[in-house]
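Novice: Taken in sequence, the protein lines are chains V and G.
With the working numbering applied, the first sequence covers 1 to 196.
With the working numbering applied, the second sequence covers 1001 to 1610.
No lab work stands behind these hints, which were simulated from the structure alone.
Just so we're clear, the structure is a prediction, and the values are computed from it rather than from any experiment.
There's no promise every hint is true.
[Claimed, not checked] To give a feel for the contact side, a few chain V residues facing chain G, derived at Cβ under 8 Å:
(1) Tyr25
(2) Phe35
(3) Tyr58
(4) Gln145
[Claimed, not checked] Straight-line C-alpha distance at most 25 Å; calculated DSS-like pairs for lysine-lysine:
(5) Lys1436/G x Lys1082/G
(6) Lys1346/G x Lys1298/G
(7) Lys23/V x Lys1183/G
(8) Lys1436/G x Lys109/V
(9) Lys1205/G x Lys23/V
(10) Lys1458/G x Lys87/V
(11) Lys1298/G x Lys1082/G
(12) Lys1082/G x Lys1100/G
(13) Lys1100/G x Lys1482/G
(14) Lys1458/G x Lys1476/G
(15) Lys1458/G x Lys1482/G
(16) Lys1346/G x Lys1205/G
[Said to hold, decoys possible] Which residues of chain G face chain V? A few of them, derived with a C-beta cut under 8 Å, are:
(17) Val1164
(18) Gly1371
(19) Gly1372
(20) Thr1374
(21) Leu1464
(22) Asp1466
All C-beta atoms, glycine included, are put in the ideal place defined by N, C-alpha and C.
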Amino acid sequence: MDHFEVFGLPRRLAIDTAELQRKFYELSRRHHPDFHQTAPPEEQARALEASARLNAAYRALRDPILRVEYLVRLEEGRDTKEGATVKPKAPPELLEEMFEIQEALAEAKAGGLDGAGRAVLVAQRDRLTARLRDEEARLVGPLSQHWDASPPAARQRGLAAMKESLAIRAYLRTVIDDLTDALGENQEGYVTNRRH
Amino acid sequence: MSRIVGIDLGTTNSLVGYVDETTGLPRVIPDAEGRVLLPSVVSFTREGVLVGEAAKRLLVRRPATTIYSVKRLMGRGYEDIKEELCYLPFKVAPCDGIVKIQVEDREVTPPQVSAIVLKSLKERAEQHFGEPIEKAVITVPAYFNDSQRQATKDAGRIAGLDVVRIVNEPTAASLAYGLHRLKEGVIAVYDLGGGTFDISILRVKDGVFEVLATNGNTHLGGDDFDRAIVVWLLDDIRSKHGVYLGRDSEAMQELRLAAEAAKIRLSVDERAALTIPFDGFTYHREIARTELEELIGKLVDSTLGPCRVALADASLGSSDIGEVVLVGGSTRVPLLRRRVRELFGKTPHSQLNPDEVVALGAAVQAHILAGGITSMLLLDVTPLSLGIETLGGIVSALIPRNTTIPTSAREMFTTSVDGQTIVDLHVVQGERELAKDCRSLARFELSGIDPMPAGMPKIEVTFLIDANGILQAQAKELRTGKAAAIEVRPTYGLTEAEVERMVEESFAYAEADVEARLLIETRNEADTVITHVERALRQGGELVSGDERESIRAALEELRRVRAADDREQIREKTTALNRATEHLAEVMMDAALKGALGSKRAAEIMESK
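Same shape as in the complex, but just chain V:
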């Protein structure tokens, strides 16, 4: 059973999240181990499994970007994370700038940062963050809509476009994290993009 099927939904990216949440609560009431504590062990085990599946499905579907990532994986027929990492790819229009940023990063690593150097890195990070938001908007907006609207035969192209977008997003997030590291702001309060 895939995550869409858990909720009885068609394989589409447009999802009413309020309705998804309502359904999640309803199914949780049915499956959660808390309500099966007094049942025989086999039934408890079934409840545990159903509940774990439900939680995983809700997590994958409630966030529009995680939803795209999951769909790509599902369409490619991989149901574990193995080999699933989209290889990060620099945004083509920013290739030249990326080169500069990497250089600035290497410099920052080698000898400390002066005030001017910091300002440059902060400005770069702000720009890349804006670019990241744009990419995410494109992913959950036009790209998702396009995939939903395409007839099954024409979906491959849409899928490829989404993969490319995810790759650019992954790249931007890594560079933004590197910049944050170089600025020494990763101690407290700042949420790293890595690992998620």
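Given chain V, work out where chain G should sit, using these hints.
Specialist: For chain G alone, kept in the frame of chain V given last:
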């Protein structure tokens, strides 16, 4: 279904609660003297084990064998805690990954000490209900990792309890609140106890309590505030009296308790006075609330970072938070309330007693599990990402933090050498990229794999985090469909066999019987008075007449003589007599001490605060 009680196993105090069937409301159970808080202190004496108030009274007299704040050691390795060992008067040593505490002639593990506290609560509940209690829900800090949760579960088992659920403290608190006023919306629960800090963001809707994000620090709490004060007092004493008391464990306990009392007082008053008699001098000092705030400011501020991360993880801003609930005794500190208000932009509240609310919530969760409540459902999360170590020591995350539990993840593994029949997996928990910076949970060994060329076997491992936040794992070789044997070696924990042995042993740690306990207490009281009188005679003996000194010495000798015998009545009689004999001396000394910096009208106040 047998009765399930809810237990808050705290760093400083522990409580037990249940839901009253007739009112449907949770209640905490008092002991015979009407006290609901059981100090989480255990004292090992030759006569038997003391727990709670009786043990707390031994903190100063028997620092080496009276264990407190053991929750900070639960599920921890020696490396984790070695920096704070200098503050602990009892001896903690590394032992097979975990730590052991040396008391008298034996060694005990933190779960065994916690089990003694749990057993006392179990007996309290049994007395209350007049029936055996075998099942309990126990709360833990939300940010507790797998090892700390497992250690808590082990403690329950050693105490003879079937721990049907481990619940997170802030979430439990929200259940207690939810039962009173089911207001829908997003709430933040800020929970600062004696040793741990949690922040949880929840959405409450249609009776479902969905935790959106949680964060915290399992090594930050009121104990650290006390420590900051103690360090400051040590400095002050050194500059005023020229002695450093840092290595005198009795003095350190006196200082710690005085610091704690002053801190508590400063939550209400602007100033607090502390007077501590030491060998050779009496230390007196006033502390202003502003001074305290300077000492603990950094610690308070360090709770704000996790709050921001939790908000970000929940994809919320502080303006989305409908209400902020405070839990834990340390949230009485005014500075902390100010900081929390600034961060969330609204006044936090603690309508339910912050000391009791977690136990009340645990009772509610126990009632849900027993089938007594079906309208409420708690959906909690795992606080830390779970991953496995891959090539080069890099962590591959399988279950991200703040995933609703129970949850599972599957991953494929294979062999790297021809004919390999065993695969080792290293499971870690944490947010860092390198396995060595994360918390090592366990090493799994998959064995019995059919010999095949390298890379051929396809082993599917399923990791499951259950509703307690505890990891389970299963493995299957997909080509043959054969279940692979999987053996877990916890990095920081007890093995199944060790727990079994401790369950057996637990009878050896039986609490001293009432008679023995009273004798220990009486003797202890006598020791305290003897020490004080000896000190008083040294310091102020010349303030009274020679006759008076003689009669005090006589009373002292009398008490010393009966102290070793087992006659409790006699010890008490002689203690009272000695006390009476020194009343005048104490007064004279107090007056002498107050002449000078302090006005004599404050004498009564200082006497009181002592």
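Novice: For each hint, tell me whether it holds in the structure or not.
Specialist: Hint by hint, here is what the structure shows:
1. Tyr25: 5 Å, holds
2. Phe35: This hint holds: Phe35/V lies near chain G, its Cβ roughly 7 Å from the closest one there, short of 8 Å.
3. Tyr58: 7 Å, holds
4. Gln145: 22 Å, violated
5. Lys1436/G x Lys1082/G: 18 Å, holds
6. Lys1346/G x Lys1298/G: 22 Å, holds
7. Lys23/V x Lys1183/G: 21 Å, holds
8. Lys1436/G x Lys109/V: Given pair Lys1436/G, Lys109/V holds - Cα atoms ~22 Å apart, limit 25 Å.
9. Lys1205/G x Lys23/V: OK: Lys1205/G and Lys23/V at ~13 Å, within 25 Å.
10. Lys1458/G x Lys87/V: 24 Å, holds
11. Lys1298/G x Lys1082/G: 22 Å, holds
12. Lys1082/G x Lys1100/G: 12 Å, holds
13. Lys1100/G x Lys1482/G: 40 Å, violated
14. Lys1458/G x Lys1476/G: Since the Cα atoms of Lys1458/G and Lys1476/G sit roughly 8 Å apart, the hinted pair holds (cutoff 25 Å).
15. Lys1458/G x Lys1482/G: At roughly 11 Å apart (the allowed maximum being 25 Å), Lys1482/G and Lys1458/G satisfy the hint.
16. Lys1346/G x Lys1205/G: 21 Å, holds
17. Val1164: With Cβ-Cβ at 7 Å, under 8 Å, it holds.
18. Gly1371: 6 Å, holds
19. Gly1372: 11 Å, violated
20. Thr1374: At about 7 Å, which falls below the 8 Å cut-off, the nearest Cβ of chain V leaves the hint on Thr1374/G intact, so it holds.
21. Leu1464: 6 Å, holds
22. Asp1466: Holds - the Cβ of Asp1466/G comes within 8 Å of chain V, reaching about 7 Å at its closest.
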